[in-house]
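Each chain is listed here by its residues.
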Amino acid sequence: GENVEQHPSTLSVQEGDSAVIKCTYSDSASNYFPWYKQELGKGPQLIIDIRSNVGEKKDQRIAVTLNKTAKHFSLHITETQPEDSAVYFCAARLSNFGNEKLTFGTGTRLTIIP
Amino acid sequence: GAGVSQSPRYKVAKRGQDVALRCDPISGHVSLFWYQQALGQGPEFLTYFQNEAQLDKSGLPSDRFFAERPEGSVSTLKIQRTQQEDSAVYLCASSLARLGTTDTQYFGPGTRLTVL
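Keeping their order, the protein sequence lines are chains A and B.
In this text, residue positions in the first sequence follow my numbering: the first is 12, and each later residue adds one.
In this text, residue positions in the second sequence follow my numbering: the first is 3, and each later residue adds one.
Please keep in mind that the hints were generated in silico from the structure rather than gathered at the bench.
This structure is a prediction, so every number in the text was calculated from the model and none was measured.
Please note that a few of the clues may not be correct.
[What the hints assert, rightly or not] No more than 20 Å apart at the CA atoms, straight line, and that leaves these computed lysine to aspartate or glutamate pairs for EDC-like:
1. A/Lys53 / B/Asp26
2. A/Lys68 / B/Asp105
3. B/Lys59 / A/Asp28
4. A/Lys69 / B/Asp105
5. A/Lys53 / B/Asp65
6. A/Lys48 / B/Glu46
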């Protein structure tokens, strides 16, 4: 099955600086890669996603890049703000027909230092 | 509009008790997923429904775990004879997705199960 690795496990950045979180996946058949933000006591919330036919996607301060050859994808947050502090998860989904499950990484705890 | 809701939010069970966790998906969402999230880990897939059909239950850790969605809306995850290793947050997610498409999975707040 699919395996997703995520690094780093913790990340602290000064407010206003950029943060980068990286993930690798094992199955080249994966075709959908969402990123979720999880705050304490809440469920994961989708912040951005990318499909395998696209190399980069941006939404305001958040961007995701995908390298299918190397099987890795990254989350970039620019101009970080205190409210960006949370745990971030990457995930991957196989393209098998009817196989909708997401395989998640182990998470990155991002702390923004005011 | 209303998101995915789960109840109860917290459940404490003694080892050996049975528990039932409820998920109310977003209205009109065809697909429903259950995930288990251990402390400090990412969610792990348990099972998946499309309408009332359980299409994938490969992630259920043992035959003590059972899920149903009889009318294609509300779902219940039941755990029989709970063990300490069942302690985790159980997340429910729903999506519009039909077979062969990809849509956002929207997560509920989870049920935190603690087995003593």
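Comparing the hints with the structure gives:
1. With a C-alpha separation of about 16 Å, the suggested pairing of A/Lys53 with B/Asp26 holds against the 20 Å cut-off.
2. Restraint check for A/Lys68 and B/Asp105: satisfied, since their Cα atoms lie roughly 17 Å apart, inside the 20 Å limit.
3. As the CA atoms of B/Lys59 and A/Asp28 are separated by approximately 43 Å, the hinted pair breaks the 20 Å bound.
4. Simply put, A/Lys69 and B/Asp105 have alpha-carbon atoms about 18 Å apart, close enough for the 20 Å limit, and the pair holds.
5. Between A/Lys53 and B/Asp65 the CA atoms are separated by roughly 28 Å; this puts the pair beyond 20 Å, and the hint is violated.
6. Proximity of A/Lys48 to B/Glu46 is assessed by CA-CA distance (about 16 Å); at most 20 Å being required, the pair is judged to hold.
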